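K.L.:
Residue numbers (my numbering), protein chains in the order written: chain F, 18 to 327; chain E, 18 to 327.
What the hints contain is simulated information worked out from the structure, not anything from laboratory work.
It should be emphasised that the depicted structure is a prediction, and the values quoted were computed from it without experimental measurement.
Hints are not guaranteed to be accurate.
Since copy identity is lost for identical chains, a pair holds within one copy or between any two.
List of simulated lysine to any residue pairs, SDA-like, C-alpha gap at most 20 Å [claimed, not checked]: (1) K305 with A265; (2) K291 with S27; (3) K291 with E277; (4) K249 with V80; (5) K291 with E279; (6) K77 with G113; (7) K305 with R263; (8) K291 with E278; (9) K305 with R53; (10) K305 with F48; (11) K305 with E42; (12) K249 with E81; (13) K305 with N255; (14) K291 with H39; (15) K305 with E41; (16) K305 with E205; (17) K305 with G258.
Chain by chain, the residues run as shown.
2 protein chains.
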Amino acid sequence: VRAGDVRAVSRAITAIENRDPHAEELLAQLFSLTGRAFLIGVTGGPGSGKSTLVDRLGAKYRVEGRTVGVIAVDPTSPFTGGAILGDRIRMQGHAGDSGMFIRSMATRGALGGLARATADAALVLDAAGKQIVLIETVGVGQDEIDIARLTDCTIVLVVPGMGDDVQSMKAGLMEAADIFVLNKAEREGADQLEQQLHAALEASPRSWQPPVIRTTATTGEGVEALTAAIEKFRARLNTSGEGRARAAAQWQRRLLAMLEEELLESVVTASGGKQALEAIAAEVAQRKRSPYDAVRALMTNNTPAGTERR
Amino acid sequence: VRAGDVRAVSRAITAIENRDPHAEELLAQLFSLTGRAFLIGVTGGPGSGKSTLVDRLGAKYRVEGRTVGVIAVDPTSPFTGGAILGDRIRMQGHAGDSGMFIRSMATRGALGGLARATADAALVLDAAGKQIVLIETVGVGQDEIDIARLTDCTIVLVVPGMGDDVQSMKAGLMEAADIFVLNKAEREGADQLEQQLHAALEASPRSWQPPVIRTTATTGEGVEALTAAIEKFRARLNTSGEGRARAAAQWQRRLLAMLEEELLESVVTASGGKQALEAIAAEVAQRKRSPYDAVRALMTNNTPAGTERR
Numbered sequence: 018v019r020a021g022d023v024r025a026v027s028r029a030i031t032a033i034e035n036r037d038p039h040a041e042e043l044l045a046q047l048f049s050l051t052g053r054a055f056l057i058g059v060t061g062g063p064g065s066g067k068s069t070l071v072d073r074l075g076a077k078y079r080v081e082g083r084t085v086g087v088i089a090v091d092p093t094s095p096f097t098g099g100a101i102l103g104d105r106i107r108m109q110g111h112a113g114d115s116g117m118f119i120r121s122m123a124t125r126g127a128l129g130g131l132a133r134a135t136a137d138a139a140l141v142l143d144a145a146g147k148q149i150v151l152i153e154t155v156g157v158g159q160d161e162i163d164i165a166r167l168t169d170c171t172i173v174l175v176v177p178g179m180g181d182d183v184q185s186m187k188a189g190l191m192e193a194a195d196i197f198v199l200n201k202a203e204r205e206g207a208d209q210l211e212q213q214l215h216a217a218l219e220a221s222p223r224s225w226q227p228p229v230i231r232t233t234a235t236t237g238e239g240v241e242a243l244t245a246a247i248e249k250f251r252a253r254l255n256t257s258g259e260g261r262a263r264a265a266a267q268w269q270r271r272l273l274a275m276l277e278e279e280l281l282e283s284v285v286t287a288s289g290g291k292q293a294l295e296a297i298a299a300e301v302a303q304r305k306r307s308p309y310d311a312v313r314a315l316m317t318n319n320t321p322a323g324t325e326r327r
Numbered sequence: 018v019r020a021g022d023v024r025a026v027s028r029a030i031t032a033i034e035n036r037d038p039h040a041e042e043l044l045a046q047l048f049s050l051t052g053r054a055f056l057i058g059v060t061g062g063p064g065s066g067k068s069t070l071v072d073r074l075g076a077k078y079r080v081e082g083r084t085v086g087v088i089a090v091d092p093t094s095p096f097t098g099g100a101i102l103g104d105r106i107r108m109q110g111h112a113g114d115s116g117m118f119i120r121s122m123a124t125r126g127a128l129g130g131l132a133r134a135t136a137d138a139a140l141v142l143d144a145a146g147k148q149i150v151l152i153e154t155v156g157v158g159q160d161e162i163d164i165a166r167l168t169d170c171t172i173v174l175v176v177p178g179m180g181d182d183v184q185s186m187k188a189g190l191m192e193a194a195d196i197f198v199l200n201k202a203e204r205e206g207a208d209q210l211e212q213q214l215h216a217a218l219e220a221s222p223r224s225w226q227p228p229v230i231r232t233t234a235t236t237g238e239g240v241e242a243l244t245a246a247i248e249k250f251r252a253r254l255n256t257s258g259e260g261r262a263r264a265a266a267q268w269q270r271r272l273l274a275m276l277e278e279e280l281l282e283s284v285v286t287a288s289g290g291k292q293a294l295e296a297i298a299a300e301v302a303q304r305k306r307s308p309y310d311a312v313r314a315l316m317t318n319n320t321p322a323g324t325e326r327r
């Protein structure tokens, strides 16, 4: 993985997806090598041209001599076959380029864990020496906002005339955006959408006002302006200290999520496993027991305070 | 609350929204009175006519002599002022009818806790003697699917020509639906959308094949067919034992969520509170410490195994 070997990186990400117990061990070993990549999230609805834009961005960074990793996340698609096929097609444009790595993340129904798996995959690409990691997500749910929040820079794509006007934008996505990209900017309604965006941004001013960059990803128009905007944002993250604060806040959320998972597993195991929990839940459903009482009983199986009380 | 007093019920729900410590005590006291209401979730995108349909359903149940509670959840709207105004306007149609209660749930930014708050509000309405509780949500994110999963019957609204065709339907929502409502059925594209739905349903057969009911909520057309479909589904839940299994599965998820919250709070407190956690997160962000090591250290502050190890 450290040497950037494509097959090793691929296997590591598969292990993460499959929640292979060795994955954590691997991540622990690689962790000290991470923290160097710049993570860029690209979020937009189906048909907004995300993949095309990500490919353009990736190609641009490659021309500049930077190594690039791409993680494509689509929680709306429960199947991975198509995604894997898509990866192959996308990789063909970069055949023989070891500086470019493209990978789709499978969901395998584990929607809740997708943000964590994506973050871990990004760590692998970081350790493998990728300088830029592009994370591509469909911006339709809370999960995508969670993924957007784990990047250094979040780009939100909007497209004229797709019903995704500013008002119907998923709550939280507007706030998560560092840069807006108005893609398919040649379409009718682009000016109106740009005005709407600016109006919404002015209504809630922030220390960094996200720019709105107009692109036509299919032709590559505007991609240069976009990379310039990303660089400007990155420079600001570094000089203002906001980059450091952002990383610390992200790690706090990740530590809490990891802790939550471990704690829950440990309590459920100590309480007699899943079967015991099912029996308790059935009792609560039949109103034989209150949920508050049930939670208290489960807690005493695992906290020091509870241990004393026993 | 037990007597169904509007102001008492209202205050109880406000306490739940505000995470008032007394709310849990109240819920614990009311819990044994719950489990009698039938919870119906109505989920659909903005502009799909959810509120109108819910009002029609509520009015229909009132005519039948059943008491009705309505909880309207809109996580896309961060403001509650409008929602409260909306409640007043909606209640005007039921002025003086103590058998009808309508309430919007405020999000207050606590998006993650919205499903729990909604479930708790439904318990209050259940204890207050409401026989039917309608829960209205915008079906755009994971949170709404979580809410849909806490009801006895989930109705998913689709509307022709709004871009919300079957393919772009949020993953998980299709699976969560017990009944589909094709609202604004007089519009162009209704037949095509119905065909798409049937095709998608046939592609993944289940023990209960969700019917597709065509309605025009504004005129009330189809509402009778909808209540009949709901009754049929309810009867099946009871006779097949699936209702019991569903309730047990729901309580298992809720117990886990409650447990998670309590455990996390207890560990964070035992580890020195939020400030200590922030310091650890900053160390991880600066790669001075691995996240796996940090989580292990936090865990030892709270598990019996960890206590022994110290």
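K.L.:
Run every hint past the structure and note whether it holds.
P.N.:
Against the structure, the hints come out as follows:
Taking CA atoms no more than 20 Å apart as the test, K305 paired with A265 passes between copies only; the shortest distance there is 12 Å, against 45 Å inside one copy. In the homo-oligomer, the alpha carbons of K291 and S27 never lie at most 20 Å apart, since the shortest distance is 33 Å inside one protomer and 37 Å across protomers. For the homomeric pair K291 and E277, the shortest alpha-carbon distances inside one copy (17 Å) and between copies (15 Å) are both at most 20 Å. Taking the shortest alpha-carbon separations for K249 and V80, only the intra-copy value of 19 Å comes in at or below 20 Å, while the best inter-copy value is 63 Å.
In the homo-oligomer, the alpha carbons of K291 and E279 lie at most 20 Å apart both inside one protomer (15 Å) and across protomers (19 Å), since each shortest distance falls under that limit. Within a single copy, K77 and G113 get their C-alpha atoms as close as 17 Å, which meets the 20 Å cut-off; across copies the closest is 66 Å, which misses it. For the homomeric pair K305 and R263, the shortest alpha-carbon distance between copies (17 Å) is at most 20 Å, but the shortest distance inside one copy (46 Å) is not. For a Cα distance limit of 20 Å, the shortest separation of K291 from E278 qualifies both inside one copy, at 14 Å, and across copies, at 19 Å.
In the homo-oligomer, the alpha carbons of K305 and R53 lie at most 20 Å apart only across protomers (14 Å), although the nearest pairing inside one protomer, at 55 Å, exceeds that limit. In the homo-oligomer, the alpha carbons of K305 and F48 lie at most 20 Å apart only across protomers (10 Å), although the nearest pairing inside one protomer, at 48 Å, exceeds that limit. Taking identical chains as interchangeable, the C-alpha atoms of K305 and E42 lie at most 20 Å apart only when they sit on different chains, with a minimum of 18 Å there against 43 Å within one chain. Proximity of K249 to E81 under the C-alpha cut-off of 20 Å is restricted to the intra-copy arrangement: shortest distance 16 Å within a copy versus 64 Å between copies.
Taking the closest pair of Cα atoms, K305 and N255 come within 20 Å of each other only across two copies (19 Å); inside a single copy the shortest separation is 57 Å, beyond that limit. When the C-alpha separation of K291 and H39 is checked against a cutoff of 20 Å, the pair qualifies neither within a copy, at 23 Å, nor between copies, at 31 Å. Taking the shortest alpha-carbon separations for K305 and E41, only the inter-copy value of 18 Å comes in at or below 20 Å, while the best intra-copy value is 40 Å. Taking CA atoms no more than 20 Å apart as the test, K305 paired with E205 passes in neither setting, with 61 Å inside one copy and 51 Å between copies.
In this assembly of identical chains, K305 and G258 lie within 20 Å of each other by CA distance solely across copies; the values are 18 Å between and 54 Å within a copy.
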